[in-house]
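K.L.:
Chains as they are written, first to last, in this note's numbering: chain A, 617 to 921; chain B, 617 to 921; chain C, 617 to 921.
Derived from the structure by calculation, the hints contain no laboratory data.
Any given hint could turn out to be false.
Since the list can't tell identical chains apart, any single copy or any two copies may satisfy a pair.
[Claimed, not checked] Below, in silico cross-link-like pairs of lysine to any residue (SDA-like), each with a Cα-Cα straight-line distance of 25 Å or less:
{"id": "1", "residue 1": "920", "residue 2": "699"}
{"id": "2", "residue 1": "920", "residue 2": "859"}
{"id": "3", "residue 1": "920", "residue 2": "691"}
{"id": "4", "residue 1": "920", "residue 2": "884"}
{"id": "5", "residue 1": "920", "residue 2": "776"}
{"id": "6", "residue 1": "920", "residue 2": "701"}
{"id": "7", "residue 1": "920", "residue 2": "855"}
{"id": "8", "residue 1": "920", "residue 2": "682"}
{"id": "9", "residue 1": "920", "residue 2": "714"}
{"id": "10", "residue 1": "920", "residue 2": "759"}
{"id": "11", "residue 1": "920", "residue 2": "858"}
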Amino acid sequence: MKKVLLTTTALVFTAGFAAAEGHSAASITISGEAIAGVKYIEDAAQETTQFLELDFGVSGKTVTDGGLEVGASFDLDLNSGGEAAPDDEEVYISGGGITLTLGDVGSADDSVIANIADIGFDGIGIDDTAEFFFDTTTQNIHVKGEFGAITAVATANMDETGTDASEDYGIAVNYDAGTFSVGAGFTNNADEAGLDEDIETFILGGSVTAGGADINLFFHTADADDFAESVSGYGASVSYPMGALTLVASVGATDLDDDDADFGVGASYDLGGGVSFAGGIGQVDNPFADDDGIMVADMGIKMKF
Amino acid sequence: MKKVLLTTTALVFTAGFAAAEGHSAASITISGEAIAGVKYIEDAAQETTQFLELDFGVSGKTVTDGGLEVGASFDLDLNSGGEAAPDDEEVYISGGGITLTLGDVGSADDSVIANIADIGFDGIGIDDTAEFFFDTTTQNIHVKGEFGAITAVATANMDETGTDASEDYGIAVNYDAGTFSVGAGFTNNADEAGLDEDIETFILGGSVTAGGADINLFFHTADADDFAESVSGYGASVSYPMGALTLVASVGATDLDDDDADFGVGASYDLGGGVSFAGGIGQVDNPFADDDGIMVADMGIKMKF
Amino acid sequence: MKKVLLTTTALVFTAGFAAAEGHSAASITISGEAIAGVKYIEDAAQETTQFLELDFGVSGKTVTDGGLEVGASFDLDLNSGGEAAPDDEEVYISGGGITLTLGDVGSADDSVIANIADIGFDGIGIDDTAEFFFDTTTQNIHVKGEFGAITAVATANMDETGTDASEDYGIAVNYDAGTFSVGAGFTNNADEAGLDEDIETFILGGSVTAGGADINLFFHTADADDFAESVSGYGASVSYPMGALTLVASVGATDLDDDDADFGVGASYDLGGGVSFAGGIGQVDNPFADDDGIMVADMGIKMKF
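With the sequences and hints as input, model every part of the structure.
P.N.:
Printed below as a string of structure tokens:
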């Protein structure tokens, strides 16, 4: 994402900050991305729809005398589905390869483990069923450690005023060797509606660059005493760049009896200047019904500022 | 509107963007306007009220290698009426004089056709009755073509997830000769509450500079099978600049039997630095009642950043 | 607060503004602060909770040819309590030491009168009971006059569309001699729920620097015909800086029969770069119950960008 940095060094004209400027690295950054295009979902109430999403972010950061990086950020996101509010506030402290983030943080597994690439300008959902138990925990504490090629993340949850924390937690670690990466994680998802027991999920994901293609592989298996048996989801995606054009193919499935594989193919064309045109087509299946899948497709423009 | 451009060229200090900088024209802009003052509406529940409105906008744009300009924008608007949310998200692609915009776009007629200038720092509504069928369509697709002195706009509507599109559409064209302009448009307004049939409106508007004055003229006529007969609205406004002071007079009316003309006079004084002081007074009439009009007035400050 | 000034002079690259640039001082500023930490409230539904708050602000200002400074501002604040919306819109005009502000303005008493410093990174509420009638009026007009060491503020309230103004008003004046300051104010709080008459409050506050410590003193007394007798609240706080470390102690109380004093001690450590670590512990008492107080504490990080 292209970021626009507003440094206090260059831009502060208000009097009285001279003393602070000497050692301050404080800055506020605005960044932005947008997508716009058309989506198709077979048999939906509206089959062909327009979709826009703008994701702008505002972040501030500074550095203490002791060398800790400290910052805060929030998002200004708007989309055709009616999202239009500042949200995702976070505050972080970082030093010595360890970053502690509080607030609307991401999940441990989704922070580091490679997973199935979706297809299209916004995503047609090829990965949704196969990754059903991925990125599902609630958390407001996120600790990340970066140790050379290894990145490890742990997340947990604590009470906020008016809200008892669930006992969700997650741990995940990834090893990135440059030409390949492999990651593993474990999450505990508590207090899910309709379940008496926690869902425990083990996740494996990796990526490898081979023959000019970027290949992602993903597997996870979830279990709870409420389940008749454990449920596994898995899949793979291949991304093949050819100059400005990149072709993508994805497939995902579960071991549920009535679930057919979801699959799709797509392409993205880099127009330069941070702009690309992308689209894809595929088939997704209801994993709980012995039926045929439905066709899904999208096509649109993506841009970064 | 004065715009504050944050160019990535000048301000990006984050490492790793050097390669992208060479051909990128990506930037994020923040702009802002504000008004504040006092409004008077005779016989209103609150006759004399304070009114503020802040209209800030955030927009990003970039240029593809092929020379297409691509961008996205949204507004951060707040006013005394309780408006306070990010909204009006749009994404556009522009090249060769043609601009395609998706999202919360404006109507075709209001995009190009000159109409009756309102009076005062925020507007006392002299033009509201006379322009009742102007700028009333729903649309999320907006195509504008600029061909020398001619600008043409077409708008249409497509489904969004959860929302069936109405069959609204509009087309409008304007010819700007410098000393005068003339525009015409047609809109179809479907699915209006209480009506079985679409409202079809034909609009004419123009402006001319003569004797040091800027004069706007407006006419539109709307018909639907539900109407007993077609309804026309029309009006004119004159703006006369004298140094820092500009005087404005406006009049608008319809051909409804019980409607008296709405009219008003106002003044604006340019204080420099993007700041002006403006006010106006006038009379507006309920078009459906055989009564006298009410007095309306406002006075306040306007600024641009 | 560290401010990031985006001057139009340095940053406007859009064509056509050259003429305006010559005399324009228009600019848009983004500023930001954030806090994050942990709070403890004895016997609360959630005793130990995470709390974050991001307070970002956007403001525009410009200067007229006649030398008046004119501006508008709003806030983008988010916190763990669910606040997440643009709000606090204001427009001001300033010249000759007088500033008129309209919109979501602050109260007269809180604008200038020194009061009891709270304890901790976000505040554990030591001052809440003792200052119960402080900063309680509604207003949308704020006039401030600065005359050397003297600052005076008056606030009042006028109708907005759909909202009848209460008859709240306030006046306050502060004298700042450098080593000490003293302020006084009077507020009228009308239309309070459950009361037939207005609450009239007289406020005194001051600060003095002595022996290396900053001491604040506060007293106010409120009366209404509905009250059996007048109610007074008062307190003091001491802030003692020792290099990067600052110790703070506060005490507050009322003259209600069942109210015990609230008190607390805290510390703040300046980490440099606009970052500090702060915490505190204290006891607060229900003023209407003959009971013991509860323990409150917090600890966290504060930062400015």
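K.L.:
Now tell me, hint by hint, if it's right for this structure.
P.N.:
Right, here's what the structure says about each hint:
{"no.": "1", "hint": "920 / 699", "result": "within (19 Å within a copy, 28 Å between copies)"}
{"no.": "2", "hint": "920 / 859", "result": "within (19 Å within a copy, 44 Å between copies)"}
{"no.": "3", "hint": "920 / 691", "result": "both (15 Å within a copy, 18 Å between copies)"}
{"no.": "4", "hint": "920 / 884", "result": "within (15 Å within a copy, 41 Å between copies)"}
{"no.": "5", "hint": "920 / 776", "result": "between (35 Å within a copy, 23 Å between copies)"}
{"no.": "6", "hint": "920 / 701", "result": "both (20 Å within a copy, 23 Å between copies)"}
{"no.": "7", "hint": "920 / 855", "result": "within (20 Å within a copy, 42 Å between copies)"}
{"no.": "8", "hint": "920 / 682", "result": "between (34 Å within a copy, 16 Å between copies)"}
{"no.": "9", "hint": "920 / 714", "result": "between (29 Å within a copy, 22 Å between copies)"}
{"no.": "10", "hint": "920 / 759", "result": "between (28 Å within a copy, 23 Å between copies)"}
{"no.": "11", "hint": "920 / 858", "result": "within (21 Å within a copy, 46 Å between copies)"}
Going through the hint list in order, the structure satisfies each hint without exception.
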